[in-house]
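Engineer: Sequence:
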Amino acid sequence: ARRDLQRALDMLEAHEAATGGSRDQRAAADRQWPDVVAAEHASYETIAALWAIEQR
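For the sequence shown, the UniProt record's numbering assigns the number 1 to the initial residue and increments by one for each residue that follows.
Cβ pair distances, simulated, as ranges: (1) Ser22 <-> Trp51: 33 to 41 Å; (2) Ile53 <-> Arg23: 42 to 50 Å; (3) Arg56 <-> Trp33: 32 to 40 Å; (4) Ile53 <-> Trp33: 24 to 32 Å; (5) Arg56 <-> Asp24: 45 to 53 Å.
If you're looking for bench data, these hints aren't it; they were derived computationally from the structure. Note that the structure is predicted; figures quoted are calculated from it, not measured. Built from N, CA and C at the ideal position, the CB exists for glycine as well.
Given the sequences, and given the hints that come with them, work out the whole structure.
Structural biologist: This is the structure we're talking about:
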């Protein structure tokens, strides 16, 4: 599960790399941006929830 969370967070780095790529890569990065943000947000929400559970 931790690896899956890390992969979701790594999507942001991959997106940033694509924005510096070819025209097609930039276009794909633009299309995928909402999904990247949603995955990153869900990952951070999951991490926060797990930390809250551990603090109990």
